[in-house]
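Participant: My request is simple: use the sequences and hints to build the entire structure.
2 protein chains.
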Amino acid sequence: MKRKEFRELASVDEARKIINSLQVLPEKEGLALENAHGKTLAEDIVTEINVPPFSRAVMDGYAVRAEDTYACSETEPVKLKLLGNIPAGSDVKFTVSREEAAEIATGAPIPEGADAVVMVEYTSEENGTVFIFRPVTVGENIMKEGSDILKGERVLRRGRKLGTREIGVLASIGKKEVPVLRLPVGIVSTGDELVRPGEMLASGKVYDANSYTLYAGVRECGALPLLYGIVKDDEKVMGKALETAVSECALILTSGSTSSGTGDMMYRLIDETGETLAHGINIKPGKPVVIGVIKDVPIIGLPGNPTSALMIFNEFVAPLLRKSLGAETGIRKTEAGIMGTDLRSEGRQQLLPVGMVRGQVYPADRGSGAITSLSGADGFIEIPPETEFIEAGTPVEVTLFGEVEKPDLLIAGGFCPGLDVLEDLSGLRFRTLYTGSTGGFSAIAARTADIAGINMPSKRPKGQYGVLPNGILYNIPTIESMGLSDVVLVKGYRREAGLLVRQDSPILGLEDLQGKRLINRNRGSGTRALLDIKIEELAGERRISKKEFTDSIPGYASGAKSEVAVCEAVLSGKTDAGVGIRDCAEKNNGLRFIKLAEEDYDFLIRKEILNTPEVKKFLQTLSSTEFASKIPAGLQVYERTGEIIPFE
Amino acid sequence: MKRKEFRELASVDEARKIINSLQVLPEKEGLALENAHGKTLAEDIVTEINVPPFSRAVMDGYAVRAEDTYACSETEPVKLKLLGNIPAGSDVKFTVSREEAAEIATGAPIPEGADAVVMVEYTSEENGTVFIFRPVTVGENIMKEGSDILKGERVLRRGRKLGTREIGVLASIGKKEVPVLRLPVGIVSTGDELVRPGEMLASGKVYDANSYTLYAGVRECGALPLLYGIVKDDEKVMGKALETAVSECALILTSGSTSSGTGDMMYRLIDETGETLAHGINIKPGKPVVIGVIKDVPIIGLPGNPTSALMIFNEFVAPLLRKSLGAETGIRKTEAGIMGTDLRSEGRQQLLPVGMVRGQVYPADRGSGAITSLSGADGFIEIPPETEFIEAGTPVEVTLFGEVEKPDLLIAGGFCPGLDVLEDLSGLRFRTLYTGSTGGFSAIAARTADIAGINMPSKRPKGQYGVLPNGILYNIPTIESMGLSDVVLVKGYRREAGLLVRQDSPILGLEDLQGKRLINRNRGSGTRALLDIKIEELAGERRISKKEFTDSIPGYASGAKSEVAVCEAVLSGKTDAGVGIRDCAEKNNGLRFIKLAEEDYDFLIRKEILNTPEVKKFLQTLSSTEFASKIPAGLQVYERTGEIIPFE
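Protein chains in written order, with the working numbering: chain A, 14 to 661; chain B, 14 to 661.
Don't take each hint at face value.
Any copy will do: because identical chains look the same in the list, a pair fits if it lies in one copy or spans two.
Subject to a maximum C-alpha distance of 25 Å in a straight line, what follows is the list of computed DSS-like cross-link-like pairs (lysine-lysine) [said to hold, decoys possible]:
| id | residue 1 | residue 2 |
| --- | --- | --- |
| 1 | K189 | K559 |
| 2 | K336 | K630 |
| 3 | K419 | K336 |
| 4 | K336 | K346 |
| 5 | K620 | K308 |
| 6 | K41 | K600 |
| 7 | K346 | K419 |
To be clear, the hints were calculated from the coordinates, so they are not data collected in a lab.
Facilitator: Below you can see the structure in the form of C-alpha cells.
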C-alpha cells in the first residue's frame, strides 16, 4: 500500500556516530584582539613577557627597605631621606639605600634597593624627609615581576574560547593579533515556495526563515555562517550551488527538498557527486535528514520546517560545530521543567518543540498537532521511543533555543490591542495566540492557556446574571453552556464594536448593508457573533427572516481571520464594509467607524493560577489608573473592570 | 597623619542608586536581519502578514474533502478523481469538489474546496484515480493560514533581545531590516605607563588590558564599544578625549587616573566640565571609582587594575547597560561553589576575585595578597562588611567573568614543558602557577594548589629512601624537612638539567665557569639548588670552599624568574652561561646544552583529592604510552614513573 519509502532510517545512535566521524576542518586566521571575543584560539599562546613586566607598586606611597621601618610606630615614626618621585610609566634611574625612600605611584616600577611600599596614608613628608608611621614587611604592596604570568609560559591553550577574561590576558601580554579558528559553514535554503525576507510575497510563497535561524545558530556556535541564498528545486541549479559552497566551506547545511514527495533531489545530488552516509534519522522530525560528503566536505540536509530544522540543528549539528572548534563538551543550554499537561507520544523517538512558562512545559503547538510554530517554542524535549505517555507533573529537561526569554503568561482568545498595553504596563511577557473568543474558551477548558481574552455575546442568557441594557450578555452564557468550572471570569473593559466602511461610503448603518459587499469575521469570533445578533434584531424589526436579510448581503458568510484583514479588504475597495472595533478605524485614516454596540472584553482565568505572582500582577495592571489612561481609543475601563466572578 | 583623603565614599547602595538614576539613552538603527542576532529590538514588531500566509499541507499526499473519506478502510478504499498536482510554491487554480482529489506537496497551498490532506502512504494512484485507504478528519495535515502568527499581531516587543528563535520569527514575517538599539559606549584608558598591545614595551610600561576587557564586556551586554585609546595623564589631553567621547557616546568608561596619589585628575575634569555624583564607593576595590555626568552623558571612572576594573564593571556597569537596553533583569552569570580555603576579610565590603576548580572556590591571588591576577580569576564573590572570616566549606555564590572555562586542576611549582603535554593528552584543563619548586611545596602545605610539580634536589637525605646513583635525592628530603603529611609523592619523569651556553662558547663544563658571566635561576628553583650541589662537589674536588668558587663566577647570585629569561640573557650575549633543562636548548637554535645531571621532576599531591576523577585522569595520562612518546626532548619517563609514595 505504501508507495514511496525512505530507505532504512539510521538510529539516533548511528546518526550521532556518523556525524561524529565527519571531518569538519576549521581554517586559521589572524584577528585583531578586539574582534577575537567569542572566537576559538587556533594556537597555543606562549607569552614573551612577564606580567607584570617589572615589580610594581600596587599602592601610592613610598618605596623603602622594609628593615628601615621595623622599629617605627604611630607615635615614633622613622625618618627617611626622600630621593625623588617615581610616577607610573617612568623609567627608574635611582637606587634606594638604607634610610632612604622614593615617592612612588601605583603601577610604577619599584626602584633598585627597595623591597616594600608604605601606603601614603601612613606617611607624612616635610622638607625632603619622609616620616613613616607603620612598619612594612618585605614585599608588602609590591606585585612582583612575572607573578601573574611568567615569560615562556603557555598562557592559553589552542581551542580555548575567548571570553572577556581571556581577551584581557592576551592584551596584558601585548598580543595585537590573535590566531583564531575560522569555520565557514555554508547555508543553502531550497524550495520553490521560498522568498527572501523583504521581497514581495506572491501567492503560494512563504518567507525563508531557515537561512536566518541557521545563520544565527551557526554564529552562536562560534563558526562563520555563509549564506548561499534560496535555491530552486532544480537539480542543475542546486548542483551548481553545492559546488560553489563545497569549494568555500568546511560544512554545508541545506534545508528543505529532502522529503520523499517532492523528490529525493538532495539525496540524489549527494549520491551522484559524493557519498550519502545516512538518509533519514529514526527520530521525529529527523526522517528527511540527509548526511553525506562531497569532495571531503560534509553536507547535512535538514528538514524544511523551521522548528524542525532548528531542533535537528541543535541536537546533531551544533555539537559537531562545537567539537570541531575544540570545545570539549557541547554547551547546550538546558533547563529543568515540569510537564504542564498530559502528553501522548507515538512510541517513536521524538524531539518535541515546547514552550515554557513559570517552569511548566507544554507542547509548542498547544495541542493543534502542527509542530510548525517557531514563535511559540522556547526549546524542545527529547522523548524516548519507549515512552507513550508523559503525565502532567513529570520533570523534563528542555534544550533551549539559545538564551530565550520565556513568557510569564499564555493568553489565547480574541484579538485586542488592549492586551499589548496590559503587557507593556505590567512588565510581564505574554505569549499570545489569537484564536478568536471560542478558541479562548476551548484553550482554558483544555488547560493549554492561562488566560483567555473573550468577547462572546449571547442574546439568550441561561444563568442568574442580568442582561445588559441592550439585552446582550457577554461571555457568561458561553461559560455556562460549556460547563466550565474551576475558572474565574474577570471583567475587563468595554469596546466599541461596529461596522468599518470607507470614509466616502454611503453606508450609515446596518440597514444600508443590503446589496453591499461585506467582509465578515471568522466563525468563533465574538465580533461575528455580535453582528449575527444585531442583524437578527433588525430583521425582526423588518419582519423578515434573518436568512432573508443576510442572503441579501454578499460576503456575509465570509470569515476573515483578523481585523487587519478586514481593514485591508475595505480599504482596498474589494469589499464595502467589514466588522471590527473602533481602534481599527483610528489606525486607518481611510476608514469610518459605525458603532453597533458596546461589548465586554473579559478575561477567563484558570482558578488554580489565580494567586500566582504573574496573574496577580496582570490583575493589578488591569485595575490600575495607568492602564485606564493608556488604553487605546474605543476601549474603556469602567466600574466593573477587575470584578471577579467565580465558576466552581 | 593621613595626608590625602578621598572625600566621603558612597555606600554600595548609594552608588547603585546613583548609577540607576543615570540616563544612558540608546539610539535606534536599522540592521540587516542576519546582523541583528544578539541585538535588542528598538520598536514593537507588528506583522503585516499571516504565518503561514495561506493554509498549507504539512505532509505530501492528496488534498480532499474529509467527508469523502469517512467510509474508506484499508480493505475498501474510496476512489477519487485526480484533478492534478500542486507543487510547493505554486499558485493554485483549481477547486476540489466532492469525490475529487489533488496531489499536493508539503508546504503547498490547500486548494479551494479541500479541507484535509491524506498522507501519500495511505493512498495509491492509477490512471487518474486516487485510492484512499484511511479516513481523515477536517483540518488533518493542514496548517491553517495565520495559525502561527496573525496579521496585525505584535509578534515581538521592543526591548526583546534577538536570539536564534526571534531571528526566525522576523524572517518568517518577511522583515529584512530590523530596528535595533545602538548604545555607543566610549572606552578611554588613562595612564602614562600604558602601551597598546603590539607596540614595543619600554621599561616601566605595561600593556593596556582594560581597553580590551571593557570592549569585550560592553559587547557582551549588547552595547557598542568604541575605543578612544590610551590617554596620557595630562588634564588637557584627557579633557580633549572626553570632549570627543561625550559627543559620540551614550556612556563613557574610563579606567585609571582615579586614585588619590597621581592626582584626582579625572575627578577634577568631571567637576570642571560637568558634575561629579560620587567619588569613591565604599567597597574594595571601589575606592577609585568616579561617577559623573558631562553634558548629559554619564561617565564612570574605573580602577586601573584590570581585575578590579572588570569586577566593578560587572557589579555596577553591566547592569546599567542591560537596563538601558531594556533587559528587565541583569543576566548575571553566577555559579554556586564551596569555599575551598579559610578566608580572612577586612571587615569591609569587598569584591574578591576568585578561581573555581571542581566546585571549590579560592581567592585568585592564592594567598599572595595581590588582587591583580586576571589570568587566575574566573569571577568574584561579594563579601559583606560584617564578615571577617569565611570558613572553608561555606557555600558562596560566584559572579563569573562571562562564560569562563574553569580549570580542572590547580598546579604550582617549577616550570616544565612536560606539563603542557600532560594537559593536552589528558583533556584536563590546568591552571598553572610557576612558583618554582619551593613555591610548589608551600602551595601544597597551604592547600592552595592541587598538585605541585617539583624538582628539588638534596645532597643530605634524612629519610629511609635510597639516594640516586649520583648521590642526590630528589624531593623527599624537602617533604620530610617541611614535615608535610597527608600527601603523596608521585614519581614523574627524568629531565636532563645543565648549563646553557651559546653554540660558539668555549665553555664545556662547570670547570670552565670561573671568570665567566652566569645567569642563575631564582632562589626556590630546583635547578638553582642542583647547580649549588654540583658546584659544591666540584669545589670539594678542587679543595677550595664553595664560596671561593662561586665568588669567581660573576652573576652567580642572580636569579632569573624563568628559563626563558635565562635563554634570552645567554642568546643576547649579556651573559655567557645559564642553567636550565635540555628542552631550552632544543627550542633555541643558538644554544648548546651541557648536561650536569638527570633530575627527577615529580608531583606532590594532596592525599584527599587522590581519588577525584581529575587526579585519576592526570595519573593515568602520566603513565600512558602516549605521554611517553610525546614527552619533549630531554625529558623521559622511566620505570618509576607513576610510582606513589605516601606520606602520612
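Participant: Can you give the numbers of the hints that this structure goes against, from lowest to highest?
Facilitator: 1, 5
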